[in-house]
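Keeping the supplied structure of chain A fixed, place chain B upon it in accordance with the hints.
Number of protein chains: 2
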Amino acid sequence: MRGEPLDAEMIVSATEEVLRRHGPEKTTVLDVARLLGVSHGSVYRHFPSKAALREAVIRRWLDRVRDDFAAAVQDSGPTPPDRLRGLLTTMFAAKWAKAKEDPELFATFRVLAAEHSSVSSAHVAFLLAQIRAIVADGMASGDFARGEPEVIARAVFDATSRFHDPMHAAEWSSPEAQAKAEGVISLILDGIRAR
Amino acid sequence: MRGEPLDAEMIVSATEEVLRRHGPEKTTVLDVARLLGVSHGSVYRHFPSKAALREAVIRRWLDRVRDDFAAAVQDSGPTPPDRLRGLLTTMFAAKWAKAKEDPELFATFRVLAAEHSSVSSAHVAFLLAQIRAIVADGMASGDFARGEPEVIARAVFDATSRFHDPMHAAEWSSPEAQAKAEGVISLILDGIRAR
Numbered sequence: 096m097r098g099e100p101l102d103a104e105m106i107v108s109a110t111e112e113v114l115r116r117h118g119p120e121k122t123t124v125l126d127v128a129r130l131l132g133v134s135h136g137s138v139y140r141h142f143p144s145k146a147a148l149r150e151a152v153i154r155r156w157l158d159r160v161r162d163d164f165a166a167a168v169q170d171s172g173p174t175p176p177d178r179l180r181g182l183l184t185t186m187f188a189a190k191w192a193k194a195k196e197d198p199e200l201f202a203t204f205r206v207l208a209a210e211h212s213s214v215s216s217a218h219v220a221f222l223l224a225q226i227r228a229i230v231a232d233g234m235a236s237g238d239f240a241r242g243e244p245e246v247i248a249r250a251v252f253d254a255t256s257r258f259h260d261p262m263h264a265a266e267w268s269s270p271e272a273q274a275k276a277e278g279v280i281s282l283i284l285d286g287i288r289a290r
Numbered sequence: 096m097r098g099e100p101l102d103a104e105m106i107v108s109a110t111e112e113v114l115r116r117h118g119p120e121k122t123t124v125l126d127v128a129r130l131l132g133v134s135h136g137s138v139y140r141h142f143p144s145k146a147a148l149r150e151a152v153i154r155r156w157l158d159r160v161r162d163d164f165a166a167a168v169q170d171s172g173p174t175p176p177d178r179l180r181g182l183l184t185t186m187f188a189a190k191w192a193k194a195k196e197d198p199e200l201f202a203t204f205r206v207l208a209a210e211h212s213s214v215s216s217a218h219v220a221f222l223l224a225q226i227r228a229i230v231a232d233g234m235a236s237g238d239f240a241r242g243e244p245e246v247i248a249r250a251v252f253d254a255t256s257r258f259h260d261p262m263h264a265a266e267w268s269s270p271e272a273q274a275k276a277e278g279v280i281s282l283i284l285d286g287i288r289a290r
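These protein sequence lines are chains A and B, in that order. Under our numbering, the first residue of the first sequence is numbered 96, with each subsequent residue one higher. Under our numbering, the first residue of the second sequence is numbered 96, with each subsequent residue one higher.
Some clues are possibly wrong.
Because identical chains cannot be distinguished in the list, a pair is counted as satisfied if it fits within a single copy or across any two copies.
Claimed, not checked - Derived SDA-like pairs (lysine to any residue); straight-line CA-CA distance at most 25 Å: (1) Lys275 x Leu223; (2) Lys275 x Asp260; (3) Lys193 x Val219; (4) Lys195 x Leu101; (5) Lys275 x Arg241; (6) Lys275 x Glu210; (7) Lys195 x Asp260; (8) Lys275 x Ala217; (9) Lys275 x Ser213; (10) Lys275 x His117; (11) Lys121 x Lys145.
If you are wondering where the hints come from, they were derived from the structure by calculation, not from laboratory data. For clarity, every value in this text was computed on a predicted model and none was experimentally measured.
Okay, chain A solo, but in the shape it has when bound:
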C-alpha cells in the first residue's frame, strides 16, 4: 500500500495505464490493484464493478477531449460563420490528435465507448449542443438562413462524420484528409448562409 490515500482519480489513472498496456480484453481489476499496490477490494470500494471502472475511464477521457476542444474554440473569430468553421476545425483536430498520439488507447476507447453507449451519447449530445448554439446565434444575427437549429446542427454533425467519427480514424492520417475536411466545411457554410 502506498503512502497517499487511494482515491477514485488514482484508480482511473491506473486503469487507463493498464488498458494502454494490455487492451480492453485482458485488463482486470487485479491488474489495476497490482499497479497501485493495493488489494482488489480497495478498488471495489470505489468502483462496484469492472464495468463501472471502465465507464469512469471513458468518461474522463471524453471530458479531456471536450476540454481541449472547448479551450481551442474560444478564439475562433467574431462572427457565427467564423465560429462554426473554428468549432468544426477544432473538433476534427482534437480527435485526429488523440487518434495519432495514442492509437492503441484510441482504439480501446472506441471499443469501450461502443459498449457504454450512454457515455458516447452524452459526448455526441455535447458536440451537437455546441454546433446548435452557434447555428442559433447565426440565425439570430442574420448570417445564417432561418430554420430549426436542432435539425441544422444534426445535419452539420452528420455531414462531417468522416472527420470526427472514430470509425474513420484510419483515414485521418491521409495527406488528403485536411483538404477534404475543408471542402466539406466550406460546403456546409455555404449551405447554411443567409441568402
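This is chain B only, laid out in the frame that chain A set:
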C-alpha cells in the same frame, strides 16, 4: 463435370455462393471447384489465383450495384438540383438495400474490397463522376454557384459518407437514417445553389 462448358461467369457465381456460405477466410478454390463439380485445375484455367477470382467476384458485385444505381437515376427529375437529390437518394438506397438483403455477403465484400483497393477506387471514381457530371450541368445552367466541379463533387461525396460508406452499414437500419440522410442532402443542395 457438368454438361455445359465451364466459363468465367459460372465460376464467379459459384465463388459468390461459397463466399456467402463460408465467408472470405474459409473459402478455397477447391470449395468452388467442388460446387461446380470440376477439378480445381479447371478453375485455375480461368483465374490464375484465388486473389484474381475474388477480385472478379467483387468487380461483378460492384457492377451490379452500379447498374441498379444507373437504372434508378434515370427518372429523378429535369433540373440539376432534382437530379443531384435523386442521385444521392438512389445511391444510398442501393447500398442500404444490398446491406439489408444480404448482410453476410455485404460484410464479406467490405473485407474483400478493402484488400483490393483498386477495385474499390474504381467504384468510388464512378460515383464521383456521376456527381461531378450533375454538378457541372448545374453550374452551366446557373442553378449551382460557379466553382470547380471536381472539388465540389468530392465535398458532396465526403459529406454523405455516413450514408454510403460500408463502414456505417450498421447504422443504416436505424429508423432515423432516412431523416438524417435527407437533412444532409438538403444542406448540401443549399450549399451549392447559386445565390
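As a check of your reading, is Lys275 near Ser213 (CA-CA no more than 25 Å) within one copy, between copies, both or neither?
Answer is between: at 20 Å across copies they meet the 25 Å cutoff, but 30 Å inside does not.
If the cut is 25 Å between Cα atoms, do Lys275 and Arg241 qualify within a copy, between copies, both or neither?
between (27 Å within a copy, 19 Å between copies)
As a check of your reading, is Lys195 near Leu101 (CA-CA no more than 25 Å) within one copy, between copies, both or neither?
neither (32 Å within a copy, 50 Å between copies)
Given identical chains, is Lys275 near Glu210, meaning Cα to Cα at most 25 Å, within a copy, between copies, both, or neither?
between (30 Å within a copy, 23 Å between copies)
At most 25 Å between alpha carbons: which applies to Lys275 and His117, within, between, both or neither?
neither (35 Å within a copy, 38 Å between copies)
25 Å Cα threshold - placement of Asp260 relative to Lys195
Intra 14 Å, inter 22 Å, cutoff 25 Å: intra and inter.
When no copy is specified for Lys193 and Val219, does a C-alpha distance of 25 Å or less occur within a copy, between copies, both, or neither?
For Lys193 and Val219, the Cα distance is within 25 Å only inside one copy (17 Å; across copies 28 Å).
Which holds for Lys275 with Leu223 at a C-alpha limit of 25 Å: within a copy, between copies, both or neither?
Classified as both: same-chain Cα gap 21 Å, cross-chain 14 Å, threshold 25 Å.
Within a copy, between copies, both or neither: where do Lys121 and Lys145 come within 25 Å Cα-Cα?
within (12 Å within a copy, 36 Å between copies)
When no copy is specified for Lys275 and Ala217, does a C-alpha distance of 25 Å or less occur within a copy, between copies, both, or neither?
The answer is between: 19 Å across copies meets 25 Å, while 27 Å in one copy does not.
Given a CA cutoff of 25 Å, do Lys275 and Asp260 count as a within-copy pair, a between-copy pair, both, or neither?
both (15 Å within a copy, 15 Å between copies)
Checked against the numbered hints above, the structure violates hints 4 and 10; every other hint is satisfied.
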